[in-house]
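Chain by chain, the residues:
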Amino acid sequence: MAPVSLKKLVKRYGALEVVHGIDLEVKDREFVALVGPSGCGKSTTLRMIAGLEDVSGGTIEIGDNVVNDLPPRARNISMVFQSYALYPHMTVGENMGFSLKIAGRPPEEIKEKVADAAAILDLTHLLERRPSQLSGGQRQRVAMGRAIVRRPDVFLFDEPLSNLDAKLRTQVRTEIKKLHARMQATMIYVTHDQVEAMTLSDRIVIMRDGHIEQVGTPEEVFNRPLTKFVAGFIGSPPMNMDDVTVADGKLVFASGATLPIPPKFRQSLTSGQKLTFGLRPDDFFPTGHGLNSGDAEAVAELELPVSITEPLGNETLVFVGFNGRDWVSRMLNPRPLPSGQSIKMSFDLSQAHLFDLTTGKSLVA
Amino acid sequence: MKLSRLSAPVLLLFPAFLVLAAVVVVPLALSFYSSFTPFRLTKPESLYVFIGLRNYITVISSWDFWVAFGRTVLFLTIALNAEMLLGLGLALLVSKAVRGQRLLRTLMMFPMMFSPVLVGFQFKFLFNDNIGLINNALQSLGLTDQAIPWLINGNLALFSITVAEVWSSTSVFAILILAGLLAMPRDPIEAAHVDGCTPLQTFRYVTWPYLMPFAFIAMTIRSLDVARAYDIVKIMTDGGPAKRTELLWTLVGRTAYGDARMGMANAMAYFAIVLSILFTVYFFRKLAAARQQIGAEW
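Residue numbers (the numbering used here), protein chains in the order written: chain A, 1 to 365; chain B, 1001 to 1298.
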């Protein structure tokens, strides 16, 4: 068990710099997710921690040791790969016990530890099979089993659920969460799926173009995104966002539509200021069909036309035309809404976000 | 009239069958038959004398034949293993090349492009004890002041032939194994690194099991090739000195065309084919096992 600390970590491929000096402290036994779109440097960062990529600058510490120049085998880490990366010529049991065999442990001990791990992951009946005889979900569990038999200091996961279908993904996700609770180990988890990041982690690191945009608990990054990028990345469906100009105590949209300035920003805005206005689908709903924050004064209402609806059973996503685009709203206790009908929509402005138009930074940091 | 009653597929395949029968089946049957006769090229009528298994009995009880047989197996074993190891080494090196890999791959194939007869002449020159490059180099480097009789000493001669054979065919292994290396997934190797393997252990436990099917395919192809080795030997030593490099097929060739004992030569040849079949079966077994091991889906 060990903390992991990245200091000014840089990765360059020739002249191309893909990770630009990031700092990150992962506490002992913490579950941290690195999340971001493809090419943001999250996998590269993970592979540097694993020792599979050279470090171009800065340091990586695991526990109290700088591990920059240590090969992967000397770092006491385990890694679960997206493609499972099982050894096809070994049985499940041999796959799981391989690292112990390499470490020269006695066969009885290997057998016992493999049996323990197999019991945890419900793989006992599969130990004699070969990977080619397993389903995707089973293979991924074997990959996890291989990681846990060693009791490493740090677990690294590289998009472990990406090759699984949606149902299995939810299942294995739960298993990973249980595993973390049981193993009490430091885990670093890379994913491009913000739902995985939100559901699994103690803290989320949102990366973009080789920089860290924000580090925070799932609640923090959801409720208080520091940048426009984070606001747009976290949350499903994504936050509605549009550019506005401040004029006469109002927010004026490009189409001429206006909304009152949200109460918490009233003191800080100046006329003529250009901003991006953001409101999550949960805070924008057909009147009477949402979770109101209770601040009645902060709710603005507008009559808007419904363009389409996506019923999900317990709720319906309603797309309504506003400012020349479709804004998505989450309708609780849904009722059928015909397209084209105008309905009264509530904007819960107490939950609104404002971002500087040029820097993309949130106004309330 | 009758022809038109045959079905279309039979009609259409008929010419192909006819050609195959003329160039394959008839010669095969004739040679097999002649192995039961004392047929000599100089006495055509001897083709009609049936002597049963006498040729085969003579072959089996001939010391010269068994020496050539054993030497062929030895030659096969040494050449294949050397080519295998060198080819593996070459493939591993080339796969590590970051730049110019394509060029290296092409260069590697050069020896395969030469006719074996030319390779024979080339090595005959290189190993010549008087004017050969090798003795010249050894003497210039001061490693020896003797003229080493490469092709004249009985043991050295077979060694020299092996060198020529290995030189010309190592690239078959190198290319097939390189194909395996390029096709194998990176992830298990990285997983092995994380699991604590040193580079050597990674090769032993992960890379090699992946490459084995490719190595066995190369082995199968090459064992057939080497088992019928004739051209290089014919050129370099012609089985000499004093039959110390006589292999199965040079013996067969000598018996057939030198001594004109066609019936006997055919008996030897059929016997030699058994050797090739055994090797092929052995390597195909190995190949099937190796493929199953890595769970190959091809």
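The set of hints was computed from the structure by calculation and includes no laboratory data.
Don't take each hint at face value.
[As the list claims (entries may be wrong)] Taking CB as the label site, the calculated pair distances span:
| # | chain 1 | residue 1 | chain 2 | residue 2 | range |
| --- | --- | --- | --- | --- | --- |
| 1 | A | Asp165 | B | Pro1015 | 46 to 56 Å |
| 2 | A | Gly321 | B | Pro1185 | 47 to 57 Å |
| 3 | A | Glu175 | B | Leu1200 | 32 to 42 Å |
| 4 | B | Leu1093 | A | Asn163 | 32 to 42 Å |
| 5 | B | Ala1137 | A | Gly39 | 48 to 58 Å |
| 6 | A | Leu312 | B | Pro1185 | 47 to 57 Å |
[Claimed, not checked] Output of the computed footprint for chain B on chain A, the stretches with three or more beta carbons under 8 Å from beta carbons of chain B:
| # | stretch |
| --- | --- |
| 7 | 56-63 |
| 8 | 69-81 |
| 9 | 97-105 |
Note that CB positions come from ideal geometry on N, CA and C, so glycine has one too.
Hints, one by one, checked against the model:
no.	hint	verdict
1	A:Asp165 with B:Pro1015: 46 to 56 Å	holds (54 Å)
2	A:Gly321 with B:Pro1185: 47 to 57 Å	holds (49 Å)
3	A:Glu175 with B:Leu1200: 32 to 42 Å	holds (35 Å)
4	B:Leu1093 with A:Asn163: 32 to 42 Å	holds (33 Å)
5	B:Ala1137 with A:Gly39: 48 to 58 Å	holds (55 Å)
6	A:Leu312 with B:Pro1185: 47 to 57 Å	violated (39 Å)
7	56-63	violated (count 0)
8	69-81	holds (count 7)
9	97-105	holds (count 4)
Checked against the numbered hints given earlier, the structure breaks hints 6, 7 and satisfies all the rest.
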